[in-house]
Every structure is written in structure tokens, then in C-alpha cells.
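Undergrad: Here is what each chain is made of, one letter per residue.
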Amino acid sequence: MAEIRFFGYLSELVGTRIKELRLEKPVTLRELVPPTFPETNIIILINQKVGDLDSEITDRDSVVLMPVLSGG
Amino acid sequence: MNGYGDRLLRVDLSIGKISKETISDSMKSDFLGGRGFAVKILWDEVKNVDPLSDKNKLIFAVGPLSGQLLPSAGKMVVASKSPLTGGYGDGNIGTMASVHLKKAGYDAVVLEGKSPKPCYVLIEDENIQILDASDLWGKNSFEAQDLLEKKHGKNSGVLLIGPGGENLIRFATVMSQKGRAGGRPGMGAVMGSKNVKALVIKGTGNVSNFDDARLRDLGKKGYDEIKGKENYEFWMKQGTMQAFEWSNENGCLPTYNFREGVFEFSKEMDGYVVEKLHAGRKGCPMCNMQCGHIIKDASDQQAELDYENIGMLGPNIGIRSLPQAGTLNRLADEWGLDTISLGSSIGFLMEASEKGLIPEKVPWGDFEWAQKLIVEIGKGEGLGKLVSQGVKAAAEKIGKGSEKWAMHVKGLEASAYNCHACPGMALAFGTCSIGAHHKDAWIIAWEIATDRFSYDKRKVEKLIEFQRVRGGFFESATVCRLPWVEVSFGLHWYPVYLEAITGEKRSWEDLYQMGDRVLNLIRAYWKREVPSFGRKWDYPPDRWFEEPQSEGKVKGMKVDREKYEQMLSWYYELRGWDQNGIPTRETLENLGLKEVAREIG
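In order, the protein sequences belong to chains A and B. My numbering applies: residue 1 is where the first sequence begins, and numbers increase by one. My numbering applies: residue 73 is where the second sequence begins, and numbers increase by one.
Source of the hints: derived by calculation from the structure; they are not laboratory data. A few of these clues could be false.
[Unchecked claim] Cut-off 27 Å, straight-line C-alpha distance, at most; resulting in silico cross-link-like pairs (DSSO-like, lysine-lysine): (1) A:K49 - B:K627; (2) B:K534 - A:K19; (3) A:K49 - B:K534.
Construct all of the structure, not just a fragment, from the sequences and the given hints.
TA: This is the structure:
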């Protein structure tokens with residue numbers, strides 16, 4: 001089961017903070033998020049390694065999508 | 073030059089002398105305003121003095137953008153030679169005083185000397201008075217704000233100190249509007265040392281902008297752009313508190329005196345809890361993306377939260393309740409103490425207690441102890457006395473290895489980002505111009521988005537780029553950086569705003585150079601004022617090098633000292649500094665700082 005977690009406003013954009021998906025075959029991350037999903041100012045970590053929307057996600061992956069924040 | 077009041081107001085408190093001086097065009101074009109003005113004045117006028125003596129000066133300065141009807145422009149810089157670090161110290165504060173100072177026609181106020189008795193300074197356009205503050209002295213910053221507003225009306229800008237500043241606590245800040253604070257490295261203590269409780273500013277004039285109609289139009293477009301940003305609505309719900317969950321996920325949340333980067337109770341106090349407890353919002357003038365979120369605290373009073381203060385007064389001291397952290401934050405504001413340094417100081421005491429270095433038993437997460445300590449620190453009494461000069465001084469007193477986990481750089485306590493696995497952010501803290509603060513360069517998100525574990529030169533170049541924009545431009549302009557950094561408001565707006573204000577075109581390249589001039593002058597100031605200043609002052613605490621994080625996704629990580637050395641060497645090289653971190657003659661001369669080069673050799 002692949003797990004995709006969304007942080008900050010990205011969670012509101014997709015309507016959930018966590019998605020768990022059974023993937024029969026690898027798909028790109030782009031196929032798993034809405035078409036309006038931002039391309040810039042976001043952090044994409046796939047199993048803690050930096051990825052992008054065209055990275056392939058397998059059934060075993062843990063994905064984190066976060067906005068680039070400042071924290072004050 | 074348009075957009076400036078063109079005047080500096082000087083108040084000699086020792087003899088009650090008031091003078092108004094013209095600010096030169098070269099000062100304005102070379103140093104822009106705010107931080108730039110402050111460091112230039114300090115360089116010229118405050119040399120080798122005790123920061124808490126009457127020879128030090130306290131500077132309040134605005135820039136061309138400050139106080140204007142522009143996004144998040146209600147800011148001002150307060151600066152002085154720091155009693156906490158011994159070097160350059162400043163901070164920006166969001167306050168109506170910024171708006172009123174511009175309207176009164178001044179770009180800077182310099183307080184010098186020392187009043188023979190507690191006083192406050194009233195600035196009403198041309199009418200300046202030094203008034204008795206005996207009824208205000210001893211009052212907390214909320215009570216004193218109310219009393220001053222009652223006396224002078226709500227339509228005024230008030231800058232004041234709490235008892236922490238009066239008691240010369242080295243991380244006392246300047247406060248405004250019951251919760252806005254600025255000047256982490258003890259600017260409140262400098263104000264207290266001069267027997268000044270407050271500045272009350274009432275300006276009624278107009279700022280002479282080059283093209284007012286265009287500026288109004290551009291300002292409106294800017295506000296509209298911010299409101300239209302895709303993350304705006306979420307920002308309004310959580311503000312900087314969204315960073316709480318973010319930092320915990322990335323192993324950066326300051327936890328148990330920065331020993332860890334994840335907190336087991338983070339879900340009990342993150343931005344979603346703020347949403348549930350939301351009781352209002354507070355912010356600075358001219359802002360349409362207010363960052364202060366109000367909740368009812370554990371004492372059933374209103375407390376304003378943001379990420380830094382909750383990170384430092386929550387997980388960093390083991391507090392697991394948002395209302396409790398809110399109470400601690402409100403107390404800090406009332407006493408006029410910097411919340412970041414305060415959280416670090418309490419964390420230091422709790423760890424010292426755990427290790428048996430002090431006799432008192434101060435358990436992690438003990439709310440009663442934390443409240444008691446804030447009062448003791450504010451008074452400089454009891455156990456609080458040990459940390460009332462900061463954790464660096466406290467570690468020097470108790471020794472026994474505590475200097476390794478006294479979490480500071482240059483004497484200023486680190487703000488709320490654990491850097492075990494963020495070497496770029498560690499370097500940002502190491503090279504920040506006032507000590508371990510995040511304002512000059514918040515590179516942590518960029519490095520996590522690219523490659524957090526790398527120590528490459530690109531990271532150092534990016535750090536310098538951030539410092540130019542944030543520490544150089546925003547601090548001197550003087551406006552809030554949050555529209556840019558939080559909702560991606562376009563940087564291209566700022567030169568356009570400047571042109572409508574001053575009538576002069578300035579490119580980002582030109583503004584970068586101005587920023588470099590300001591940051592190099594600050595560096596030179598450190599060199600002149602601190603005899604031992606050099607490379608050894610640019611390192612983060614040993615804890616991040618020597619004690620790996622034991623929990624979370626970056627478990628086992630620590631900063632590699634050798635690689636940090638390499639990054640620091642690149643940093644100096646890119647900055648045009650020698651390998652001891654001192655600007656070279658050539659660098660200073662290229663920035664038009666020939667006299668400075670001569671003075672620091």
C-alpha cells in the first residue's frame with residue numbers, strides 16, 4: 001500500500017491529509033494528485049528522498065508533499 | 073529624497089536636549105533605512121562602550137516602505153549595541169509607531185545618555201517632550217500600554233518595555249500593542265538602562281511620496297495578489313503555526329533543549345489545534361495576512377501564538393499543552409522577554425537539573441515551574457538569575473560541559489529549528505548578523521526541498537542570496553518578509569514600490585549590493601567591538617555536531633564538523649572575507665566603505 005501525506009494548504013487542495021492507495025503498477029506522482037496541484041514551492045519526499053511530480057510511485061512507497069514554509 | 077521624512081530625531085536623555093538633524097541623500101541611497109540606518113549610526117557613534125552604560129545608544133528606524141499603505145509594511149527596526157552578545161543587535165517590530173513616526177516626519181530616533189529618573193518620550197510631530205514615567209515603572213507591558221493609550225489616545229504608536237527591560241534582563245525586548253515584540257538581543261534592556269519606559273508617537277503629517285496615486289494603486293494590487301494566493305486561506309487559519317507539524321515531520325522541531333527534533337505530543341499542539349481553539353487574530357498595521365492567532369490560554373486569558381514562541385515554550389521545554397504554552401507566551405510578553413531566548417533558557421535549566429548540575433529539581437514539561445521561572449528570570453532573581461544574561465553566560469558559570477548544550481551562536485539563543493540534519497540552516501544560524509536567529513536566512517525549507525544532507529557550495533550561495541534579500545533588503549526597507557516567504561508574494565513588487573515612493577529606479581542587483589553593504593558593516597562592527605571576534609564565533613552549538621538525534625526520520629543524524637568547516641570557508645570566500653571571517657579591505661572598498669576598511673585594518 002502506498003501512502004501519500006499532504007501538509008498545509010496542499011491537504012486542502014486534495015481534500016485529505018493522507019491517501020492510501022493500492023497500486024498494481026508504478027505510476028507517476030502527477031497521476032495521483034489533482035491537475036491543479038502546484039509545481040513549484042513544494043517539497044516532495046519519496047521515502048525521505050527528494051522527488052518530483054514525475055517520479056514513479058510504487059505500492060511500497062511513502063510520499064510526503066509539503067509547502068515551502070518560512071516559520072516566521 | 074521623496075518617501076523619507078529626511079530627519080533624524082536625537083534625544084539626549086541625560087540633559088533633556090532634543091535635536092533634529094538632516095539625513096543625507098547618500099545615507100538614504102547607500103543604506104536605504106531601518107537596519108541600514110541603524111548600523112551606520114552605531115558604527116559612527118557607538119564605539120567600545122558598555123552596552124548598558126549611558127554611552128550606548130538606542131535607535132528606532134524606519135525605511136522608505138515602512139508605515140506606507142503597502143503589504144505588511146507596518147514595521148520598524150530597533151537596534152543598539154547588544155548587552156546579550158556584545159556585538160551588533162537589532163530586531164524588527166510590527167507597530168503603529170512605524171506609521172506614526174513616518175507621519176511625524178522622522179526616519180530615525182536616537183536615544184542617548186540616561187534619564188536621571190524613569191521617563192517616557194512623547195513625539196507629537198514637532199513637539200517632543202520627556203515626561204515622567206514614575207507611575208508606569210514596574211508595570212507590565214500590557215498595563216503600561218493601556219495607561220499610555222488612556223493618556224494619549226488609541227490613535228498613537230507606543231513602544232515600551234516590561235519589567236524585564238527595567239531589570240536589565242539581557243534578552244528583554246521592546247514591546248508594542250500587547251504582543252508585538254522586537255529586538256531579541258536585549259534592546260529592551262538598553263531602553264531600561266536609559267530609564268526609558270516608552271516612546272509614544274503621534275504623527276499627523278503626510279509622507280511625501282514621489283507618486284502617491286500610483287503607490288496607492290500598486291499597494292491595492294499587492295494586497296489583492298496576496299489574497300488571491302492559493303495558500304492564503306490556509307495561512308489565515310494556521311499562520312506560522314502550520315510550521316509546527318511541518319517541523320516535526322522533518323525532525324526540526326526544537327524538543328527538550330534541541331536534543332531532539334520530534335515531539336511525541338506534537339499533535340496536541342499543532343496548527344490544527346490552533347484552528348480548534350481559535351478565538352481571534354492579531355497582527356501588525358498594514359497587514360492583510362495577520363500571523364498572530366489568539367486562543368484562550370490555561371489561565372483563561374487571551375494569548376497570541378506563533379510558531380517560534382510555541383516551539384520554544386512548548387516542546388523545547390517539554391510542555392505538551394497549547395493553552396499552557398500560550399500562558400507562558402503571554403507572561404513573556406507582559407514581562408517584555410524574548411520568547412525564543414526564554415524558551416532556550418528554561419530548557420537549559422531543565423537539562424541542567426536533569427543532569428544534576430543545579431540543586432533544584434525542575435522537571436521537563438512542568439508548567440508550574442515554567443511560570444515561576446519566567447517571573448524569576450524577569451526579576452533576575454532566584455534560579456532565574458542564572459540565565460538572566462542568556463545561556464552562554466549561564467554555561468560559563470556552571471561549566472561541566474554545559475557549554476555544549478547552551479543553544480546559542482554569538483550569545484544569542486537559537487530560534488526554533490533543530491539543525492541536527494540541516495547543515496545549511498546550521499550555517500545560517502552560524503553566520504546570521506545578530507547571532508542564532510532565523511530572520512537573515514531561512515534556508516531550511518529550500519535545503520529539505522533539494523538535498524538536506526548535502527554540504528555543497530550551491531547551498532552556501534543560496535544562503536547568501538537569502539541573506540541579501542531578508543537580512544539586507546527587508547530589514548532595511550523596512551517591511552515584513554512574510555508575504556514573500558509565506559504566500560509567495562512576488563519580489564518584483566518591491567523595486568516598483570520603491571520607485572513610486574522615491575522616484576528612483578533600483579534594480580534587485582543594486583538592492584543586493586546595498587544589502588551586502590549593510591551586512592558587511594555589521595560584520596565590521598562586530599570586529600571592532602568584540603576583540604576576540606572571528607571564525608570561532610560562527611559555529612552552531614556543539615550539540616548539533618556531537619550528539620546525534622535519537623528519534624524520528626533523521627535518527628542518528630548530526631552535523632559533520634569537517635564539512636561544516638568547508639561550507640564556512642566557502643561562505644567567507646563568496647562574501648569576500650578572509651578565512652577568519654573578517655571582510656577584506658578590497659570587499660569593503662568595493663562597497664564604498666573605505667573608512668571602515670581603514671578602521672578595522
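Undergrad: Now, for every hint given, state plainly whether the structure supports it.
TA: Status of the hints after comparison with the structure:
1. Distance check on the hinted pair: K49 (chain A) and K627 (chain B) sit about 15 Å apart at the alpha-carbon level, within 27 Å; holds.
2. The suggested pairing of K534 (chain B) with K19 (chain A) is violated, with an alpha-carbon distance near 34 Å, which exceeds 27 Å.
3. Restraint check for K49 (chain A) and K534 (chain B): satisfied, since their Cα atoms lie roughly 20 Å apart, inside the 27 Å limit.
The structure fails hint 2 only (numbered hints given earlier).
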